[in-house]
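Residues per chain are reported as follows:
There are 4 protein chains.
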Amino acid sequence: MALTVSRTEAGREFKVKDISQADFGRLEIELAEVEMPGLMACRAEFGPAQPLKNARITGSLHMTIQTAVLIETLTALGADVRWCSCNIFSTQDHAAAAIARDSASVFAWKGETLEEYWWCTEKALDWGPGGGPDLIVDDGGDATLLIHEGVKAEEEYDRSGKLPNPNVAENAEFRMVLSIIKEGLLIDPKRYRRMRDRLVGVSEETTTGVKRLYQMQASGTLLFPAINVNDSVTKSKFDNLYGCRHSLPDGLMRATDVMIAGKTAVVCGYGDVGKGCAAALKAAGARVIVTEIDPICALQALMEGVPVLTLEDVVEADIFVTTTGNKDIIMVSHMKQMKNNAIVCSIGHFDNEIDMLGLETHPGIKRTTIKPQTDRWVFPETNRGIIVLAEGRLMNLGCATGHPSFVMSCSFTNQVIAQL
Amino acid sequence: MALTVSRTEAGREFKVKDISQADFGRLEIELAEVEMPGLMACRAEFGPAQPLKNARITGSLHMTIQTAVLIETLTALGADVRWCSCNIFSTQDHAAAAIARDSASVFAWKGETLEEYWWCTEKALDWGPGGGPDLIVDDGGDATLLIHEGVKAEEEYDRSGKLPNPNVAENAEFRMVLSIIKEGLLIDPKRYRRMRDRLVGVSEETTTGVKRLYQMQASGTLLFPAINVNDSVTKSKFDNLYGCRHSLPDGLMRATDVMIAGKTAVVCGYGDVGKGCAAALKAAGARVIVTEIDPICALQALMEGVPVLTLEDVVEADIFVTTTGNKDIIMVSHMKQMKNNAIVCSIGHFDNEIDMLGLETHPGIKRTTIKPQTDRWVFPETNRGIIVLAEGRLMNLGCATGHPSFVMSCSFTNQVIAQL
Amino acid sequence: MALTVSRTEAGREFKVKDISQADFGRLEIELAEVEMPGLMACRAEFGPAQPLKNARITGSLHMTIQTAVLIETLTALGADVRWCSCNIFSTQDHAAAAIARDSASVFAWKGETLEEYWWCTEKALDWGPGGGPDLIVDDGGDATLLIHEGVKAEEEYDRSGKLPNPNVAENAEFRMVLSIIKEGLLIDPKRYRRMRDRLVGVSEETTTGVKRLYQMQASGTLLFPAINVNDSVTKSKFDNLYGCRHSLPDGLMRATDVMIAGKTAVVCGYGDVGKGCAAALKAAGARVIVTEIDPICALQALMEGVPVLTLEDVVEADIFVTTTGNKDIIMVSHMKQMKNNAIVCSIGHFDNEIDMLGLETHPGIKRTTIKPQTDRWVFPETNRGIIVLAEGRLMNLGCATGHPSFVMSCSFTNQVIAQL
Amino acid sequence: MALTVSRTEAGREFKVKDISQADFGRLEIELAEVEMPGLMACRAEFGPAQPLKNARITGSLHMTIQTAVLIETLTALGADVRWCSCNIFSTQDHAAAAIARDSASVFAWKGETLEEYWWCTEKALDWGPGGGPDLIVDDGGDATLLIHEGVKAEEEYDRSGKLPNPNVAENAEFRMVLSIIKEGLLIDPKRYRRMRDRLVGVSEETTTGVKRLYQMQASGTLLFPAINVNDSVTKSKFDNLYGCRHSLPDGLMRATDVMIAGKTAVVCGYGDVGKGCAAALKAAGARVIVTEIDPICALQALMEGVPVLTLEDVVEADIFVTTTGNKDIIMVSHMKQMKNNAIVCSIGHFDNEIDMLGLETHPGIKRTTIKPQTDRWVFPETNRGIIVLAEGRLMNLGCATGHPSFVMSCSFTNQVIAQL
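First to last, the sequence lines map onto chains A, B, C and D.
Under our numbering, the first residue of the first sequence is numbered 1, with each subsequent residue one higher.
Under our numbering, the first residue of the second sequence is numbered 1, with each subsequent residue one higher.
Under our numbering, the first residue of the third sequence is numbered 1, with each subsequent residue one higher.
Under our numbering, the first residue of the fourth sequence is numbered 1, with each subsequent residue one higher.
Treat the hints with care, as some may be off.
You can't tell identical chains apart in this list, so a pair holds if it fits in one copy or across any two.
Unchecked claim - Here are the simulated DSSO-like cross-link-like pairs (lysine-lysine), alpha carbons at most 27 Å apart as the crow flies: (1) Lys366 - Lys110; (2) Lys152 - Lys336; (3) Lys366 - Lys17; (4) Lys182 - Lys366; (5) Lys190 - Lys327; (6) Lys237 - Lys211; (7) Lys182 - Lys237; (8) Lys339 - Lys182; (9) Lys17 - Lys339; (10) Lys371 - Lys110; (11) Lys366 - Lys53; (12) Lys53 - Lys152; (13) Lys17 - Lys162; (14) Lys371 - Lys17; (15) Lys237 - Lys162; (16) Lys17 - Lys110; (17) Lys110 - Lys53; (18) Lys327 - Lys162.
To be clear, the hints were calculated from the coordinates, so they are not data collected in a lab.
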């Protein structure tokens with residue numbers, strides 16, 4: 001996609017897949033409003049006082065129908081909003097179109113490249129010469145990361161005149177981050193520091209982003225206040241547990257139409273997300289096995305009748321889902337041993353729970369795209385294939401529509417309160 | 001769609017939505033073969049002897065990926081096959097394309113009108129001047145019905161010279177049947193009787209079709225032998241129970257993205273289909289209520305902790321699904337009282353479990369199509385809308401992809417055995 | 001216990017453990033009546049017409065509180081009743097006391113020897129010089145067996161003068177049967193034939209007894225009509241399924257206080273009884289594994305997420321329960337390999353599903369009775385012990401109180417209807 | 001029971017129901033050891049170093065088989081132990097006998113009066129002239145309470161010469177506490193202060209006791225350090241949840257033999273205990289309804305398909321269980337409206353969740369004891385009775401044997417660590 005910005009009649013910037021889907025998006029937004037009583041109550045309670053009047057809010061959070069209701073709650077409270085997705089596959093294009101047309105600047109579409117993804121993030125942060133946002137709604141911490149890396153690079157540039165060198169980045173994604181910062185630096189070497197100075201704070205949605213924030217806090221490098229929305233009980237005990245219980249089977253069925261009953265399914269990790277996934281798979285008639293290193297969680301699994309084994313023990317299973325929030329869970333060495341048409345996916349935030357790099361670079365591997373976000377990878381040694389969903393990323397958003405409105409109402413209401 | 005027949009290079013007739021989807025269909029058929037061990041075992045065991053050599057088989061059964069594996073099992077055993085769908089929404093177009101290109105004559109696409117539907121059925125039965133099929137695979141009994149009505153009309157025409165009068169038909173669908181027979185009669189007044197004479201028998205897939213057959217048997221009007229596949233234990237106790245447990249939530253989620261957890265769901269009927277639906281909804285976190293007139297089934301519901309009430313008692317629920325195989329279960333008088341955005345659907349074979357006629361003809365009713373097979377109907381009296389799936393028909397095939405391959409392998413293997 | 005018959009003030013014969021428990025039994029019978037609406041409805045509907053007026057009914061069926069309500073329903077309809085238990089451990093002594101005092105002749109106590117058991121059976125059939133009962137309520141077929149063997153022996157005696165030889169019996173139990181018949185023969189050589197001639201028929205409660213009856217019918221040796229109560233849907237689908245779901249964990253907990261959650265439990269057989277047991281164990285948090293030779297039942301287990309393996313594969317489990325109705329399921333060779341304090345029990349009717357003979361005769365085996373019906377058997381080879389419940393017999397009646405009133409109301413109402 | 005102390009041959013004091021049950025207790029203790037790996041691991045790891053050498057430990061905690069394994073773990077680590085139960089119905093007499101004979105001074109039997117209960121508590125604290133214990137294991141806080149009240153009374157007596165006046169106590173139980181202190185004061189007016197001075201600390205097992213401790217901490221009246229064992233994750237998330245899931249149905253079945261399937265059951269409170277109870281009842285086939293005032297817990301119930309209503313809405317249910325830890329949950333006004341033979345019980349620590357005082361003093365109420373801990377109370381107005389278990393106290397210990405060994409191993413291991 002050519003990276004050019006469009007404007008609505010009213011002059012608001014946007015870049016979406018197809019603005020003509022706005023009507024369809026609006027219909028689904030209206031349905032979702034009925035299912036999101038928490039957000040609608042915020043509009044009713046706080047709307048009249050306009051507490052976010054003139055506040056600039058940048059969001060980096062899956063641009064779905066549910067997020068659309070969040071955005072329009074923020075605008076109903078007076079805010080100006082710019083938005084991007086926090087995952088390359090998670091945008092619902094009709095939601096993006098409706099919001100772009102009616103309510104906020106949106107830069108998001110389903111199936112972005114990494115380059116496009118970071119371009120969108122940068123655009124969402126770019127409020128023009130006057131600087132950056134007052135508030136950030138972050139999910140996974142990428143907007144926060146960009147500002148932090150930007151400030152670091154600007155300070156280094158001030159000190160030593162050195163520009164960031166994308167070629168030394170440890171992975172493709174971080175290379176994009178450094179490239180964007182480098183380009184920006186040449187144009188305006190104080191930009192991210194102005195953002196930092198203006199910024200009142202960030203509210204972070206998910207485990208991964210929270211972990212990053214705690215690391216920065218511990219090392220003294222956190223530049224602005226942050227609110228941890230993830231660990232509020234109405235988020236982690238609802239969104240993580242009940243949301244995943246809903247959206248894991250949804251993603252599996254839309255992507256593969258596989259019958260879950262009778263299958264052996266391995267859930268890596270038995271935290272709240274893993275508990276939700278295991279409950280859904282058991283309920284659908286699968287034999288569920290958990291891998292878990294935390295002894296408390298492992299004992300909980302056993303007390304629910306779920307065996308706890310190592311991945312090596314169960315590599316012959318039918319379905320694998322990672323829920324850990326850690327990296328290097330399912331490696332290419334595991335995948336090579338799996339049975340033909342085993343399904344491998346992650347419901348965690350990033351794509352490194354599954355060793356996608358190892359898979360892509362495996363000698364002689366052959367990839368067939370059955371349909372978008374559903375690929376079969378055939379190993380030359382065995383001629384057996386495995387089915388990988390959403391390129392190893394967030395499968396419930398890549399292959400289905402993510403968490404349903406009701407549960408998102410619970411966690412997004414926390415976001416609104418946090419922003420207030 | 002213009003009702004014209006196309007031909008493959010090899011000269012085989014077909015009419016599908018988009019023949020270019022054949023490659024995509026083939027990929028999914030290959031995946032499904034792995035999930036359908038029963039059918040693949042039939043190919044391995046019976047294929048060499050070619051027991052269906054030169055047999056003409058007409059099928060009227062949802063033209064899905066799973067059915068594609070059934071069709072290619074029949075052709076692997078030597079049969080010539082012509083196929084149509086038995087529901088206007090149940091065709092998967094990529095499956096139809098792959099079969100049309102590679103294996104059999106297909107007349108089916110997703111979203112047929114009633115007129116198109118019966119044109120397809122007639123085409124699937126039309127083996128040219130030499131007459132009709134040797135065998136029929138029927139689902140719901142429409143192919144069987146067409147022959148029976150055709151024979152009746154031909155005999156009446158012989159006797160009295162009277163042509164059928166479509167205008168006296170009691171509903172739109174039967175009007176189409178009579179129209180098609182009338183047109184055929186003017187061209188060839190012995191056609192359906194030649195079909196009857198050639199036909200060795202029919203194997204019937206589902207409850208509804210079986211009920212029709214028993215009625216015809218009881219009244220002495222059944223023209224050829226029929227095998228009841230529906231009541232084999234590997235069909236009713238697997239397909240009905242486990243298939244619906246899988247495909248009901250799949251259809252609900254694809255059509256509406258609604259969170260099932262926390263909702264009150266009413267399942268009308270607690271036979272095998274109802275048991276599967278109730279199990280799925282409970283497992284997803286809904287509060288389930290059953291309506292049931294059979295005392296044994298009602299007591300079974302109670303022993304599973306599911307209250308049994310009348311529909312009148314629970315008209316305030318969130319989700320309604322009919323599973324009865326009977327008609328006039330949810331009437332427009334019920335729908336008028338439902339809460340805003342209540343979801344109403346049927347997983348039974350026909351569209352008269354829900355009073356669609358009453359809904360469509362309700363004075364001042366307003367229908368908004370959110371997306372195909374998902375409509376919101378707003379009552380003028382209350383300004384509340386209800387969401388009706390798949391126009392009140394088979395929602396798991398209309399809104400999702402029906403039963404998964406594995407469970408269909410069980411019931412379709414019965415079909416192959418029955419055909420043998 | 002000395003085998004002497006007592007008499008109530010009114011002259012009715014009985015032999016029970018402790019007649020002073022009659023008040024306690026009466027209190028529990030009154031509670032059970034509230035839970036047995038089917039039987040109470042029979043009393044209300046049929047009582048006034050006294051359809052069983054003067055009918056002599058002999059029952060051989062677990063003498064529990066629930067059976068007490070059945071007996072008093074039969075007497076409320078006019079019958080005279082004599083009763084024994086059909087299992088040496090299944091009597092509830094307070095129930096027996098209350099019935100003996102108030103309503104019918106009872107010969108039953110918890111913990112009979114085999115000799116005592118058959119003495120009780122003979123007494124229940126003995127209506128004095130006038131012959132036997134008009135009707136039999138049988139459970140497992142022992143009363144029916146005694147009459148059939150008695151008639152056979154009498155006819156042989158008539159023909160050849162030969163008395164039955166208990167020493168050639170293939171097991172200890174049949175030796176008792178032949179002894180009792182032999183003794184009776186010397187006193188009255190026409191007794192069982194008079195019984196046969198008077199008897200109108202038998203209604204049989206359970207699978208085991210029904211199998212015996214079908215065998216006799218097939219071989220032409222069945223002497224009187226029999227009604228199969230077991231296979232009525234309100235029996236097999238309720239009593240077998242829901243009754244066992246209730247009483248299996250009840251028996252396990254009363255006998256061993258073991259925590260079921262976190263354990264691996266093996267259910268041998270996945271018919272209705274096995275389904276109920278597996279459901280209960282899963283619900284309690286066990287990891288359940290099924291052994292099953294019927295392919296349909298095995299596939300049902302898999303579709304519910306329950307693995308199907310052979311007993312050899314899972315001999316390391318924690319809990320084993322047999323539900324098959326067949327013999328030689330868990331052999332001493334299996335038990336020898338089990339882990340220390342593995343629990344082994346049967347919920348089937350007879351004690352030969354578990355190889356008790358092999359266990360008792362294993363060289364050097366050491367038995368410790370923890371409490372009645374809970375024994376630990378230590379193998380000398382390994383010094384590991386296993387816990388065997390109710391001596392390998394019906395554990396739910398031996399270790400707990402069997403099926404609860406409500407579900408027995410369903411099956412016993414069938415008995416009353418069958419007797420009518 | 002005459003309140004006299006016996007002595008073993010070795011001179012250790014005890015008072016139990018029947019010392020001859022020691023062998024039976026020992027057999028069950030040996031079984032329990034296999035099920036309590038945490039405690040056995042403590043013996044293996046810490047035993048050799050004898051870290052509790054010569055420590056005097058007083059325990060006030062249900063004197064069950066599981067507690068016996070805890071006590072013998074403490075003695076294996078070197079401690080001297082005196083023990084009483086913390087509930088009048090929770091002692092298992094064979095466990096008490098075995099410990100009294102073999103390991104520690106025990107003052108406990110099933111079915112104590114309130115006077116006996118507090119006598120036992122005082123005896124367990126009484127280490128002779130040398131003063132009190134070094135450590136306390138408390139459950140519900142009664143031992144802690146006695147010392148605090150004792151110290152308070154002694155100080156008042158020093159100051160003003162006033163003795164405590166039992167007649168002004170607000171309930172029967174507190175009257176006993178004051179009586180015991182008063183009697184002691186006359187003999188030794190410094191006793192409880194010497195205890196306080198010697199005492200190193202207390203570890204508290206349960207919610208109720210922890211609440212008391214927090215109150216004392218807040219008011220500055222806590223006299224010695226306390227460790228909250230209740231809130232360790234291996235206690236509250238295991239014992240409360242999985243323990244109650246096991247022992248609630250166990251208690252219901254032993255007390256009433258009622259079929260849970262098909263019943264409507266009300267669980268008051270949906271914390272960890274309530275969640276365990278609701279899970280057990282659902283699993284057994286009941287229709288479960290929750291009452292809950294905490295909005296998070298209420299939403300969790302809804303997301304699991306469990307309706308949340310007020311007690312007034314569901315007073316027509318079959319089974320009621322309180323799990324709240326608060327008082328005045330089920331009042332006599334509710335009980336009066338219940339259906340005949342409704343079952344009412346509490347699984348919480350104290351007997352004031354259910355309004356037993358209101359029930360006992362209801363004019364014309366009639367109580368029939370079906371068997372110990374199972375009473376039927378008939379209201380004169382309606383002639384309907386309700387079944388109250390364990391006199392409204394801890395039903396799982398009163399009517400069954402409490403939590404199974406495995407789960408108690410988890411929480412008791414915390415106790416051992418806390419004591420260390």
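Hint check:
no.	hint	result
1	Lys366 - Lys110	within (24 Å within a copy, 32 Å between copies)
2	Lys152 - Lys336	neither (41 Å within a copy, 62 Å between copies)
3	Lys366 - Lys17	neither (30 Å within a copy, 30 Å between copies)
4	Lys182 - Lys366	neither (36 Å within a copy, 56 Å between copies)
5	Lys190 - Lys327	neither (34 Å within a copy, 63 Å between copies)
6	Lys237 - Lys211	both (18 Å within a copy, 25 Å between copies)
7	Lys182 - Lys237	neither (40 Å within a copy, 51 Å between copies)
8	Lys339 - Lys182	neither (45 Å within a copy, 56 Å between copies)
9	Lys17 - Lys339	neither (37 Å within a copy, 35 Å between copies)
10	Lys371 - Lys110	both (14 Å within a copy, 19 Å between copies)
11	Lys366 - Lys53	neither (54 Å within a copy, 38 Å between copies)
12	Lys53 - Lys152	neither (31 Å within a copy, 59 Å between copies)
13	Lys17 - Lys162	neither (37 Å within a copy, 59 Å between copies)
14	Lys371 - Lys17	both (18 Å within a copy, 18 Å between copies)
15	Lys237 - Lys162	neither (46 Å within a copy, 54 Å between copies)
16	Lys17 - Lys110	both (8 Å within a copy, 26 Å between copies)
17	Lys110 - Lys53	neither (31 Å within a copy, 49 Å between copies)
18	Lys327 - Lys162	neither (32 Å within a copy, 70 Å between copies)
This entry does not satisfy hints 2, 3, 4, 5, 7, 8, 9, 11, 12, 13, 15, 17, 18, going by the numbered hints stated previously.
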